[in-house]
Amino acid sequence: MKTENGTPKGSPTEREVKRKTENNTWTIIKKEFARFFGDRQLLFTTVIMPGLMIYIIYTLMGSGMSKMATQGADDLVAVRVENLPTCVAPLWENLPATAILQQPVSQEDINNLENKDLNEVLVRFPEGFDSLVVQYKSESGEMAPNVEIYYNSANNASSRVYHLLEGSLSNYEDQLSNRFDINRADDEEVRFDLANQDEVLGSILSKLIPMLILMLLFSGVMAIAPSAIAGEKERGTIATLLVTPMRRNELALGKVVSLSGIALLSGISSFIGIVLSLPKMIQADTAGVELGLNYTSADYAVLLITILATVLIMAAMVSILSALAKDVKNAGTMIVPFMLVVMFCGLTPMFQSGTPQGLTSYLIPFYNSIQVMTSVFAHEMRWMPVIVMLVSNVAYTGIAIWILTRLFNSEKVMFSR
Amino acid sequence: MNEILRVEGLTKTFKLSRKQQKIERTNRKEIVAVNDLSFTANQGEIFGLLGPNGAGKTTTLRMLSTLIHPDSGDAILDGYSVVSQPEEVRGKIGFLTSELKLEDFFTPNYLFDFFSQLHQVDEATCQQRKQQMFSRFGIDKFAEVKVANLSTGMKQKLSLVISLVHDPDIIIFDEPTNGLDVLTARVVTDYLQELRSAGKTIILSTHIFSLVEKLCDRVGIIIDGHMITCGTLDEVCDGLPLEERFFEIYKAQKGGEE
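The listed protein sequences correspond, in order, to chains H and L.
Here the first sequence is numbered in numbering that gives the first Met the number 0, starting from 0 and rising by one per residue.
Here the second sequence is numbered in numbering that gives the first Met the number 0, starting from 0 and rising by one per residue.
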């Protein structure tokens with residue numbers, strides 16, 4: 000057999016070509032491996048860091064979720080029951096952290112339950128429930144006896160006990176072949192979950208929006224900072240600036256402020272998109288809830304201040320990393336771990352109920368911004384945390400600009416290859 | 000003649016990374032790029048630093064332009080110290096090296112205005128000077144063309160113009176004709192002579208003998224970071240052509256080391 004060029008198949012020429020191709024392939028593989036394993040930073044960010052970050056983030060997330068799941072589990076809940084039937088009483092005897100109180104439930108009691116700080120559940124059985132259930136015939140077309148359970152889903156303890164009561168009654172109802180109803184709304188106005196609609200919406204927004212804002216601001220900073228600093232180093236244009244009489248701190252401040260401004264514009268554009276699309280996303284429009292109407296101008300002002308303070312420190316930190324990087328690609332690699340930390344801060348509202356009460360938490364950059372934004376959306380804003388967040392973030396930005404100035408002064412950093 | 004530059008005992012040492020040690024095939028952890036260098040330059044003269052690659056010429060000029068800091072010694076430019084008054088020094092000098100680049104995105108017009116502002120040049124002077132310089136170097140036709148779209152020669156001329164936006168008294172050029180085509184190189188050398196006639200002081204580094212012979216009033220030969228000899232061309236050459244004299248000095252220096 001001969002090959003196309005006339006040489007016998009398996010002849011030395013063909014084998015040589017094959018061997019050369021294999022050798023070249025192996026040479027390329029070796030070169031790529033040498034490039035990769037010779038770059039300790041690349042090795043760390045590509046191989047070690049992902050596993051490490053996943054371990055850290057998932058551990059913290061697990062801890063957060065576990066904390067969330069057990070929130071309110073030990074809080075004693077008063078279950079006030081009107082007309083407690085003898086057949087139901089044994090079912091509720093040993094429920095954890097509950098105190099069953101047999102007493103009438105008035106409309107005023109129900110209205111009071113709108114206060115989410117009350118650890119209460121109100122239950123109304125029809126008078127003579129046991130006999131009504133026995134007498135009820137589904138084929139009669141009449142309404143089944145209805146048990147009303149009032150609770151507040153914004154209160155974790157109230158919500159927990161509601162689910163326990165509702166679960167045990169549902170089981171009992173199944174045993175009786177559906178001879179009574181639970182929380183049947185005969186009137187559209189009747190609400191059994193007395194959580195305030197604003198609070199419910201605020202709770203949803205406080206878990207979603209701060210993280211989105213943080214991500215959008217970060218993506219804005221990421222899009223420009225590496226090019227503006229590491230890119231200038233790479234292109235050799237930073238040296239042209241450094242031989243002018245301009246002070247290094249003027250350069251650092253100018254970079255951080257301009258990057259913050261551009262990132263802010265990018266963030267605002269994205270934020271408008273979110274605000275416009277959010278009603279659709281959470282289907283709040285169909286529920287008749289007008290998004291944002293219940294936030295005050297102080298809330299909006301605090302939100303704006305928080306975004307400004309956050310973008311300043313974010314731009315300053317990314318600028319430092321960009322200044323330390325050799326080129327834009329290297330800057331991208333260096334910023335990834337920082338981005339993961341920031342994103343983790345953004346996720347924290349999802350695993351917590353309410354915002355930290357102590358002020359020391361508001362000294363932690365990014366986490367403090369997230370907590371303040373969460374408090375604004377959840378209608379829980381307090382001024383002291385806002386002030387601590389603002390002052391600390393401005394101070395951190397000042398320190399970061401000082402570091403950036405030092406870096407611009409460092410010939411090792413500015414001219415290293 | 001007025002002394003406008005005094006360099007005294009300038010020394011600069013660079014630490015060598017393991018990678019650099021491998022490249023240099025040495026176990027030394029640091030390298031002395033400039034060693035106790037001293038010289039002076041007078042107003043209205045062109046002073047040339049002549050030496051082979053790696054002699055320390057560029058490092059010296061980078062210290063004079065305050066881009067890097069000397070480990071010891073100092074240089075006084077028009078009364079200002081590179082160590083303690085770097086901002087004032089930068090206001091007095093124009094520095095040009097192939098390492099300094101201009102942003103591709105901007106036009107010559109924008110960059111001239113931008114650097115004029117950084118040098119605190121007032122608007123009227125800036126516009127007058129821009130017109131004059133752009134016309135002198137033929138940049139006016141391309142004033143609104145982005146740097147990215149300019150030819151290499153035009154970019155180099157623009158870099159030269161930008162380094163002089165503030166009409167500095169001391170001009171520091173690192174290898175001024177390096178990489179230039181013959182036409183652009185001629186434009187640059189002619190302009191350097193014009194600047195000298197206008198009373199400017201020019202410090203340049205080069206390894207091109209003909210350039211030194213054509214331009215320099217005084218010259219310093221620098222080898223391995225040391226100033227070996229310094230003086231007028233006649234004093235340094237000692238009756239020999241510059242190239243011959245340089246190799247004589249170089250061999251003596253290297254032979255002495257061996």
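What the hints contain is simulated information worked out from the structure, not anything from laboratory work.
Idealized CB from N, CA, C, for every residue including glycine.
Do not take every clue at face value.
[Claimed, not checked] The list that follows gives simulated cross-link-like pairs (lysine to aspartate or glutamate, EDC-like), each with its CA atoms no further than 16 Å apart:
#1 LYS14(L) to GLU2(L)
#2 LYS213(L) to GLU174(L)
#3 LYS411(H) to GLU29(L)
#4 LYS18(L) to GLU233(H)
#5 LYS14(L) to GLU410(H)
#6 LYS206(H) to ASP38(H)
#7 LYS411(H) to GLU174(L)
#8 LYS100(L) to GLU379(H)
[Unchecked claim] Some chain L residues well away from chain H (every beta-carbon gap over 10 Å; in silico):
#9 SER71
#10 PHE114
#11 HIS118
#12 GLN126
#13 ALA197
#14 ASP216
Starting from the hint list further up, note which numbers the structure goes against and sort them upward.
-> As far as the earlier hints go, 1, 4, 6, 7, 8, 10, 11 are violated by this structure, in ascending order.
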